[in-house]
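Make the full structure from the sequences, and use the hints.
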Amino acid sequence: MTATVGVVGDFNPASRSHRATNEALAHTAGALSVDLEVRWLPTESLREAAARDALERCDGLWISPGSPYRSLDGALAAIRFAREGDWPLVAT
Amino acid sequence: MLGLVDAGHAEYGPDVASKLIAPVACAVPGRPAGAPALSGALKVKIAGDSRIAAIYRRTDVEEEFFCNYALNPDFVDHFAAGSLRFTGRGEGDEVRVAELPDRRFYLATLFLPQLASTPTAPHPVIVAFVRAVTAFAASRPRPS
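Those protein sequence lines, which keep their order, are chains P and H.
382 is the number of the first residue of the first sequence in the numbering used here; add one for each residue after it.
49 is the number of the first residue of the second sequence in the numbering used here; add one for each residue after it.
Since the hints were derived computationally from the structure, they do not count as laboratory data.
Keep in mind that a hint or two might mislead.
[To be verified] Cβ-to-Cβ under 10 Å is the rule here; a few derived chain H residues that face chain P: (1) 115; (2) 117; (3) 146; (4) 150; (5) 151; (6) 153; (7) 155; (8) 160; (9) 168; (10) 170; (11) 173; (12) 174; (13) 175; (14) 181; (15) 184; (16) 185.
[Claimed, not checked] To give an idea of the interface, some chain P residues facing chain H are shown, with a C-beta separation under 10 Å as derived from the structure: (17) 385; (18) 402; (19) 403; (20) 404; (21) 409; (22) 415; (23) 416; (24) 438; (25) 439; (26) 441; (27) 442; (28) 444; (29) 460; (30) 463; (31) 470; (32) 473.
[Unchecked claim] Computed spacing ranges between beta-carbons, pair by pair: (33) P/430 - H/188: 19 to 29 Å; (34) P/452 - H/75: 26 to 36 Å; (35) H/186 - P/435: 19 to 29 Å; (36) P/407 - H/186: 17 to 27 Å; (37) H/167 - P/467: 27 to 37 Å; (38) H/83 - P/416: 29 to 39 Å; (39) H/124 - P/449: 15 to 25 Å; (40) P/418 - H/105: 26 to 36 Å.
Here the structure is a predicted model, which is why all the values come from computation and not from measurement.
Glycine is no exception: its CB is placed at the ideal position from the N, C-alpha and C atoms.
Quick look at the structure:
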């Protein structure tokens with residue numbers, strides 16, 4: 382079974398922290414021998430009610446570093462979703 | 049949030065009424081030019097009876113930071129009535145880790161465990177998170 386991590390943030394390939402987030406998830410999944418899909422969720426896309434579907438498809442959320450987010454409201458909506466629905470969340 | 053209707057983040061504008069998230073007060077001395085206020089490896093004291101202590105299995109750690117903003121110390125006491133716990137502190141007692149103990153996994157760190165994680169030694173916080181994610185995936189109906 383493949384589990385999905387949604388990374389809440391606006392991916393920037395020039396960001397060392399963003400690249401390290403992807404690398405850490407990949408090598409941790411490898412070390413644990415689990416199938417993990419990583420999906421970045423741009424903050425502006427999370428402002429709308431329709432974003433709930435995208436969040437529900439994830440099995441956990443990682444609130445990425447690299448503020449300011451393009452949409453602080455979008456990032457906060459994802460954090461609220463995880464808190465209210467008891468989804469696994471890490472914020473670094 | 050806990051009665052703060054105007055909680056704000058100083059990075060998003062100087063006009064927020066309650067600067068819940070504020071610029072770091074004490075920058076690390078001697079950091080490289082252009083580096084953020086909190087940069088490099090810094091000590092964090094972990095609360096013994098916390099989720100993050102169970103993850104580390106120790107209470108003194110050193111972690112990689114790369115940030116300019118932190119929880120405003122003026123608001124720390126405001127959270128005492130809620131369920132959020134501050135379970136990691138810097139050398140000046142600054143809040144570095146927060147968690148919600150009544151959730152299956154809900155952990156926030158001011159530092160960046162991904163910067164210290166390697167294929168041969170994945171960071172314990174990330175290992176614990178991935179385990180929580182795969183356990184949750186296995187426990188619920190697959191979304192269509």
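Hint-by-hint comparison with the structure:
no.	hint	result
1	115	7 Å, holds
2	117	7 Å, holds
3	146	8 Å, holds
4	150	9 Å, holds
5	151	5 Å, holds
6	153	4 Å, holds
7	155	5 Å, holds
8	160	5 Å, holds
9	168	8 Å, holds
10	170	4 Å, holds
11	173	7 Å, holds
12	174	5 Å, holds
13	175	6 Å, holds
14	181	3 Å, holds
15	184	5 Å, holds
16	185	4 Å, holds
17	385	7 Å, holds
18	402	5 Å, holds
19	403	9 Å, holds
20	404	7 Å, holds
21	409	4 Å, holds
22	415	5 Å, holds
23	416	9 Å, holds
24	438	5 Å, holds
25	439	8 Å, holds
26	441	3 Å, holds
27	442	9 Å, holds
28	444	7 Å, holds
29	460	9 Å, holds
30	463	7 Å, holds
31	470	5 Å, holds
32	473	5 Å, holds
33	P/430 - H/188: 19 to 29 Å	21 Å, holds
34	P/452 - H/75: 26 to 36 Å	28 Å, holds
35	H/186 - P/435: 19 to 29 Å	21 Å, holds
36	P/407 - H/186: 17 to 27 Å	20 Å, holds
37	H/167 - P/467: 27 to 37 Å	31 Å, holds
38	H/83 - P/416: 29 to 39 Å	37 Å, holds
39	H/124 - P/449: 15 to 25 Å	23 Å, holds
40	P/418 - H/105: 26 to 36 Å	30 Å, holds
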